[in-house]
Amino acid sequence: MCALCGVLGGSDHWTEAASRPGLGSPATSAAARRGERMRRVQAANRILSFYRLHLADWQGTTYILSTATGKSELVDNLSHLWSVAEQLTGRLCDPLDPALLNWLESGA
Amino acid sequence: MSQQIPQFTPVNLITGFLGSGKTTLLNRLLVDPHLADTAVLINEFGEVGLDHHLLERIDEHTVLLQSGCLCCTIRGELAEAIRDLHSRRERGAVPPFRRLAIESTGLADPFPVLTTIHAEPVIKHHFRMSNVITTIDAVNGARHLERYSESVKQLAAADRVVLTKTDIADPAEAARLAERIRAINPTALLLRAAEDALNAELLLAGDAYDLAGKSKAAQIWFAAELREAEEDHCHSAHGASDPNRHGKDIEAFALTFDTQLDWISFGVWLTMVLNRHGEKILRVKGILQIAGQETPVAVHGVQHLVHPPVHLRSWPDADRRSRLVFIVQGLNRREIERSLATFLGVRARRAEPVA
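Quick mapping for you: the protein sequence lines, in order, are chains A and B.
Quick note: the first sequence uses our numbering, first residue 1, plus one each step.
Quick note: the second sequence uses our numbering, first residue 1001, plus one each step.
Since the hints were derived computationally from the structure, they do not count as laboratory data.
By construction, the Cβ of each residue, glycine as well, lies at the ideal position given by its N, Cα and C atoms.
Careful: at least some of the hints might be erroneous.
For the chain A half of the interface with chain B, some residues (derived, Cβ under 7 Å), not all of them [as the list claims (entries may be wrong)]:
#: 1; residue: Leu78
#: 2; residue: Trp103
#: 3; residue: Leu104
With the hints as extra help, turn the sequences into a complete structure.
Put into structure tokens, the structure is as follows:
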């Protein structure tokens, strides 16, 4: 378990890395890192709901990505998330897609 | 581990097309006392290890990679060579080097080397990527950039570009090439091998990781080049130069944001963009004003790889805006701008140059 953040394993993905002085995510305390993780799930869900997908934290160690019908996959980090999302939906998750951007701009 | 050995040994990659002067540059740098404690890994390309024979400093620091091209066949060997060096240093079998320089083959895309340093389970705990130095020769460089995607990738990945053979090239041609280099990679420091005093510290040190403590390093790393990018980039990308000659739709541009950015949303956005378009994003480099943080965060990515973000102790200059430079191939600036702004709920703007 990582003594710094209270999370088993400890990720070194760039969005959540906190392993070296001066490097890593802006959150440094354990509570801040847990809070950040929750906000990361929320922010991802805002986008994922366009694809009818839902992300949940699992014990602070991994994430579970599910479809509306309950098909689920574990994902390690945000980079992993999008390729799994594409596999689950059979669609390309393109952040430049005007349909997605219009939907986000409409305040969904 | 000896006190002298840094916790993470910086690794410099010297890349550049065939015959562009990598070894000459390395030879020139290796006599610099700053590099006395640098281990050098060179790649022996082809049957005759010419690079090896040209290199003066061949001793126990040097490991020759015996087979072919770094990009496809040697990644495992490169990892092995670095692990072996590390192991010998730990045992005291080689002097305790504090920096590692790797000279890649002319045909290699630098990306696999970067990922080897970044992701190999042993290496990533002992080494970190420092600057990528790309040599481009003033005589043939323009042709290489036009014809070979490797050459473009080498340039896009560069933190320092050394324009070589300017003494034997037509000055007008060299100036045009320099302009083109700036257009493709406005964030790299451009030096001329024949005219500029090249020293090891300028080329090898002052990387993104040094930014945490030194605002001067941050200025060098970022500020000046970026302003130029903001000022003249759109012309060079859309106007003055012919897009076909410019080389496969390559465009560099800077986005600036006046407001604070949400780090989490930025992470969601960048990972999603890199998942879908990583091949086309040759480079992302930026300094961000993050909501809830007093000091800025520097981000830095090459293709699919994003380095851990670096927290700067202070802003490099009076400008407090978030600035992001992209070097893309076949992607539209407006689409990226709109997407980022929508994801982050902010508006990007063309920044005026700061005096």
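Problem set entry | Unsatisfied constraints (hint numbers, rising) | Violated hint: only 2; rest satisfied.
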